[in-house]
Amino acid sequence: MKRKLIAAIGVAGMVFSVAACGGDGGDGDKAGADGYAGETLTVWVMDGSSPDQWQKDLAAEFEKKTKAKVEFEVQQWNGIQQKLTTALSEENPPDVFEIGNTQTPAYAKTGGLADLADLKSEIGAEWTESLNASSIYDGKQYAAPWYFANRVVLYNKKVWADAGLKDTPKTRDEFYDALKTIGEKTDAEPIYLPGQNWYHFVGLVIGEGAELVKKDGDTYVSNLDDPKVAAAMETYKKFQSLSKAPKDKDEATPQQGEVFAKGDVGAFIGMGWEAGIAIKANPGIEKEIGYFTIPGATADKPEGVFLGGSNLAVAAGSQKQELAKEFLKLALSDTFEGRLAKLNGVIPNKESLQSNLKGNAPAEAAAPAAAVGGTTPLIPEWAAVENAPNPIKTYMTAVLNGKSPAEAAKQVEGEFNKRLAQQQ
Amino acid sequence: MKRSLYSRIWPNATAVVLFIGFVFPVYWMFATALKPTGDIISEDPVWFPTDVTFEHFETATGVDHFWTYVTNSLTVTVLAVVFSLVIALAGSFALARMRFRGRRGFVVGFMLAQMAPWEVMIIAMYMIVRDASMLNSLVPLTLFYMMMILPFTILTLRGFVAAVPKELEESAMVDGCTRAQAFRRVILPLLAPGLMSTSLFGFITAWNEFALVLVLNKDAEAQTLPLWLSGFQTQFGNDWGATMAASSLFAVPILILFVYLQRKAVSGLTAGAVKG
Amino acid sequence: MTVQTERPPSGPADVRKADDGGPGRPTPRAASRAGALAPYLLLLPACAATVLLLGWPLLKDVLLSFQNLNMAQLIQHVTEWNGVDNYREVLTGEDFWRVTLRSILFTAANVVLIMVLGTLVGLLLARLGKRMRFTLLLGLVLAWAMPVVAATTVYQWLFAQRFGVVNWVLDKLGWHSMADYSWTSSQMSTFFVVTLLIVWMSIPFVAINLYAATTTIPNELYEAAALDGAGGWRSFTTVTLPFLRPFLYATTFLEIIWVFKAFVQVFTFNGGGPDRLTEILPVYAYVEGVGNQHYGMGAAIAVLTILILLGLTAYYLRIVLKQENEEEAGL
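Residue numbers (the numbering used here), protein chains in the order written: chain R, 2 to 425; chain C, 576 to 851; chain U, 228 to 558.
Be aware that one or more of the hints could be misleading.
[Claimed, not checked] Listed below are the simulated DSSO-like cross-link pairs for lysine-lysine, each with C-alpha atoms no more than 27 Å apart in a straight line:
(1) U:K399 - R:K245
(2) R:K238 - R:K404
(3) R:K302 - R:K239
(4) C:K741 - U:K399
[What the hints assert, rightly or not] Going by beta-carbon spacing under 7 Å, a handful of chain U positions derived as facing chain C:
(5) L367
(6) A377
(7) F470
(8) R472
By construction, these hints were calculated from the structure, which means they are not laboratory data.
Predicted model only: the values in this text are computed from it and were never measured.
Even for Gly, the Cβ is constructed at its ideal location relative to N, Cα and C.
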């Protein structure tokens, strides 16, 4: 009874907000919105992906607009799929959650994500088509594109100055030489590159013009035995040899930003917003952080990158569908989407908001590479590959520990193919 | 009995080496937790924390909800242990003192129950709890933890009960006690060490459990210390000072309990274990 | 067993005797029925808990093992029966058998080490002077009491590639190649650390209890053996060992169960890696089921795991059955 009433008011609220949608969505005096008073929306965001201040402002604005509260719960990437799957099956799933673009198709297929067709038609007309691709499964809109980014080199200006380096490198060889110089002339670790930063590896593979998987009839199978993939891995290995980082850990355990924050690391390869993690751990590091595009084999073309990104989705089992959509409308509004782009230096979901990236150092470093970037195949089968132990990570560690790329490819092929063929 | 110098020295020498081997990991945990970070990540280990700091303990306890975890862990563990002791006491008395059809079956049944590999059944347990709408609650945790320690408790207590001379009970009954009174006045006091030693095991098992609570309780309000410790480790991966401080805090209650109870526990446990 | 006919029957044993006493004596029938029920009533809570809290999940697990249960089915609460497909897939694959063999070898190696070393330490305790014994006992108790999650974390730190104290010591002792060694990088080194951890944690239980048990051996037995001319070794094999046999059986049984189920140590230390080479059965079931979100498959592996554990301990369970038989006869 009560729920019905609330739903009715919710629908009314939606109608009104649709009517009022011409504006920027900033003014909160919409009639009927009182129906959400006392409700709390649970939103899962990934560790480090949106700044605290952004969340606070958004929550305040949302409360002003709908009278409902938002509770952000920060999640770790490690083990997120297992947690998300069970959560989506529960009575009280998170109402809204961030989901990686490579994992979205798999969850869309499970039926755990609410259909957002109406949201798309309301606010999504201008969404950049390529960024929206991962949210569409079987012709339906299952998520909303939130932010996108590709990796850059984050470096410690002081360490580079101590090593006598003046310019940032333009080619892969220059980059390697610069790091070597740091190793020789300073006490700092030239680069922090753990053995399993597989997103960077995917970038290198894309840079070589190869793919991790190939089609074999109807199914996808491993393409790790491609010599081009081996070449990408050799590049990775060459740079990794300059790092003391563990060969069997990824960039999030521990957060490489926190390692960098200690000030004795020359550089690391990461998302622009990872600077925020470093600054949070050590505010003093802020003025030392610089950014540049990951240099490619030649100066005219930057290194290939993985176009990572996150979408926002609504749980199909959420009791607060309308409120959740209200939240998406606000979070993805030009104000907040633009502000996130500005704060984190990430690519927003609309071309028109790109202007927010002007003067943003990490974003400007990322931009040249975005054009030569790519993703993993946007197929439901992919998510299984990312479950621990991810065979690509196993492959990388094996090569770094001395196996030849061909041997390592052979070693993980069975596991890789099994996951790509896993029954859904 | 005279022994040669050699045969007097080697047991002691071995004992010293063993002592160091067993204590060192525990010592190193506390030592690391108390050292400033610079001394932890140094090329040559700093063997003694000369420059004691509590900053790592502050980091470890500064995590959101820390005290909630402590309260939850204590609640769940203590309740699980108490419930299982009460239930087991009744059962073990029957198994040790009474003769009835199917007694053997019960004993073997509890032995089988003791073998249950809980970690592999987690998804089944999760689905049961989920479908009963009991997620994010301490109740299912308490019940399952109680069950995890119940078989061991019954089987061990049974040994203790059997070790109490039957004559004592009988003479009490001759003196006019009912069987229940005899149990309360004579057997229970003699069982005290047994109860303590079994409760230690229960305590340590329930205190440690994390695979189940990880799946059942996503809400921080209903989580326990092992999650804090393991999550801490993923998050602070190479911050060994903080991680060791967290480990120390986690281990201290058990260490104290063990050292305090060990003498009573050990003497009784033999009786229990020998009986199997 | 003496039965005082003057007092009312107070237990089933007495009741039966009373009943057997023939029709000559008046038997309070109601009381006797209650008496006969007493053991069952006392066991009722324990049995109810076991059925509800262990039997039900177990049954559920068996049911799940006959289902195709993946992300979609779990999220949408759909039940899709698929017969014995999960079992067929598990049993026909190589992985399962490899993991099973590994599990058994792992369990055997650990249990042998624990029992042999634990017994030696226990016998050593018996030989020590008072002060030294107390010291060693204290060390053992500290190791015993370390919660497994904390202990595993501490071992990760001891064996850390950078700044780990073990690598430093090995380097100083002359193995310079170990200075930067990653203990998680290979199957053998991972098993080495995990085994060390498990043995370290488990020896105290065996040693302390064995020591306590030896203190209960009547001295006369040794004296008699000495009179027969038995030396140290002979008196050990003819007096100590037979006396401790039931204890050793029981402890071995417990250790087999505990080591076989050593999920936390293996999973936390290296996640079953590198390349899934250190997965033992419980870890394998977890990775395939929960990790890979192939829940039906995980349930099937879980059922098989339980069966294998039953097989491993069957010998001991048979002994117990026999022993209980004898006891029942002598009670």
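Task: Satisfaction of the U:R472 interface hint, Cβ to chain C closer than 7 Å - done: Hint violated; U:R472 Cβ to chain C Cβ min 10 Å, cut 7 Å.
Open item on the list: Under 7 Å is the threshold here; is the Cβ of U:F470 close enough to any Cβ of chain C for the hint to stand?
Closed with: violated (10 Å)
TODO: With a cut-off of 7 Å on the beta carbons, see whether U:A377 makes it to chain C.
DONE: holds (4 Å)
Task: 27 Å limit on alpha-carbon distance, applied to hinted pair R:K238 and R:K404 - done: Holds, because 11 Å separates the two Cα atoms, which is no more than 27 Å.
TODO: Take a quick look at whether R:K302 and R:K239 sit within 27 Å of each other, Cα to Cα.
DONE: Distance ~20 Å between R:K302 and R:K239 Cα, so the pair holds.
Open item on the list: Check the hint pairing C:K741 with U:K399 against an upper bound of 27 Å on the C-alpha distance.
Closed with: violated (61 Å)
Task: Satisfaction of hint between R:K245 and U:K399, Cα-Cα up to 27 Å - done: holds (20 Å)
Open item on the list: Please check whether U:L367 passes as an interface residue: C-beta within 7 Å of a C-beta belonging to chain C.
Closed with: For U:L367, the interface hint holds, since the closest Cβ of chain C sits about 6 Å away, which is under 7 Å.
Hints 4, 7 and 8 from the list above are not met by this structure, while the remaining hints are.
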